[in-house]
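Chemist: Chains as they are written, first to last, in the numbering used here: chain A, -5 to 229; chain B, 25 to 316.
Covered by chain B, according to a simulated footprint, are these stretches of chain A (three or more residues, beta-carbon under 8 Å): (1) 62 to 69; (2) 74 to 87; (3) 90 to 101.
Residues of chain B clear of chain A, computed beta-carbon distances all greater than 12 Å: (4) Ser77; (5) Gly81; (6) Ser235; (7) Leu300.
Calculated directly from the structure, the hints in this document are not laboratory data. Idealized CB from N, CA, C, for every residue including glycine.
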Amino acid sequence: MLEIVDLTVAYGPVVALERVSFRVAEGSVMAVLGANGAGKTTLVRTISGLVRPRSGSIRFDQKEISRLAPEAIARLGIGHVPEGRGVLAELTVEENLRLGGLWRTDRADRGTALSEAYELFRPLAERRHLPAFTLSGGERQMLSIARALSARPRVLLLDEPSLGLASLVLIQIMARIKQLVQQRQLTVVLIEQNARSALSVADDAVVLSLGRVVAHDQARRLASEEGLRHAYLGF
Amino acid sequence: MQRFVVLTLNGLTEGSIYAAMALALVMIWRATRVVNFAQGAMAMFTTYLALFSLERGAPYWLAFVIALLCGFVLGAVVERVLVRPVESAPPLNVVILTLGLLLVLEALAPMLFGGQIRSFPSAFSIVGIRLGSLQVPFSSFDLFTLVSVLVLMALLLLLFQRTDLGLRMRAAAFNAEVSRLLGIRVGRMLTLGWALASLVGALAGLLIAPSLLLYPTYMDQVLVFGFTGAILGGLDSPPGAVIGGLSMGFALSYVGGYFGSDLETVGALVILIAVLMVRPRGLLAWRAQRVV
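Chain A extracted, bound-state conformation:
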């Protein structure tokens, strides 16, 4: 459903991604692994339209999206939880959540999405009328993910959800996302530096190194390849 073909991205003379290609099947979790500077964040930012590729294409349901504006891509059903979370600190928890689905015209369903979010992430319900800057790091991560989910995306791009999170909270969040993958055929692209935890939830994985794909396989096979693990994944 999401297909990336020969994608090359450069910031001026610096090439961040070079001829990256892979395909993500509907209802699966794709982990994108690699060290700092491998191009992982650039990859998701390009998919969601924040960065323009130099060449190559990104297709979503056979439709070319690499030249669309970020807001148009979001409206196609691609949700992006940015690195550093992107919670709007000045707004309340509820305002943040409402923003997620505001572009959708089905008002009744927006309400349903809101109550689902609170059900999924209970700590948010208690703080719904507080400004988001009062939340802890883990709660902000929940809010950011819940906000993306309330748009009912078909694809969820998660950039380093483990960053600064207690591992227990992370396990809970990932279990919920996995549930949505199974129940609603949600497709997830999961960026992670922590390869071990990412491979445990992913179906497939690509490994990036200095902007190139150096491995692309089923997650459990990658996890068992010792040479690759040592060279790129660090465990």
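Place chain B on chain A using the hints.
Modeler: Chain B alone, transformed into the frame defined by chain A:
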């Protein structure tokens, strides 16, 4: 004591106009991080358009609405045509650009409408209201000024705090990138923000024109006082802008009344310097502080 009451009422009326100007500046600052130095000139221009309509036989209220609508459109056009192309340039570029727009508008006005000082009608009597045998130094038009500014502010508050559109506009102003990821058409929101701010400015221009008289630079001092009010309030806070603008009205009225009207402008500067020394981030800075 009687003098104090007169000056206070006068300060309240003028302060509401400075508050509107300050609010317009703050709305644009929050949306696009630009101090719009052309705000006053834009309001001058729309007030001339109102006078132009009046002279061609339009009734006062039609001219009033025309000026507000032209303000709305002018703000949108300025954002789309002038500000948007230099969006990613260093912030100083946009500031220079608004200064350029100020000069262009002030040069254009005398060419189109004539450069001489003109009187501008007011909607209501400018003679003080009579309460029994007592004539208070507060006219129907002063009341109208105060009420229309308050109504406009209340409408804006409702828009921003209670509607989906307002929520989108606030989100776009706080964080454009995240907003775009949430499907918000940030460009439209910023255009709308400029348009609304410019409408607020246009109202200020219409309300102060009867007392200042209309000439191409008549809004310059209003801009300076409104800008000072906005700084007092912290530049980032709409309630701060309103409080700052009102404070300017009172302070200038007292300075003018007790020390002579020549000192009004100096008074404004002294207030600005004093506040910036004591509270560099504005009177309402405590509101802006947040835990990270």
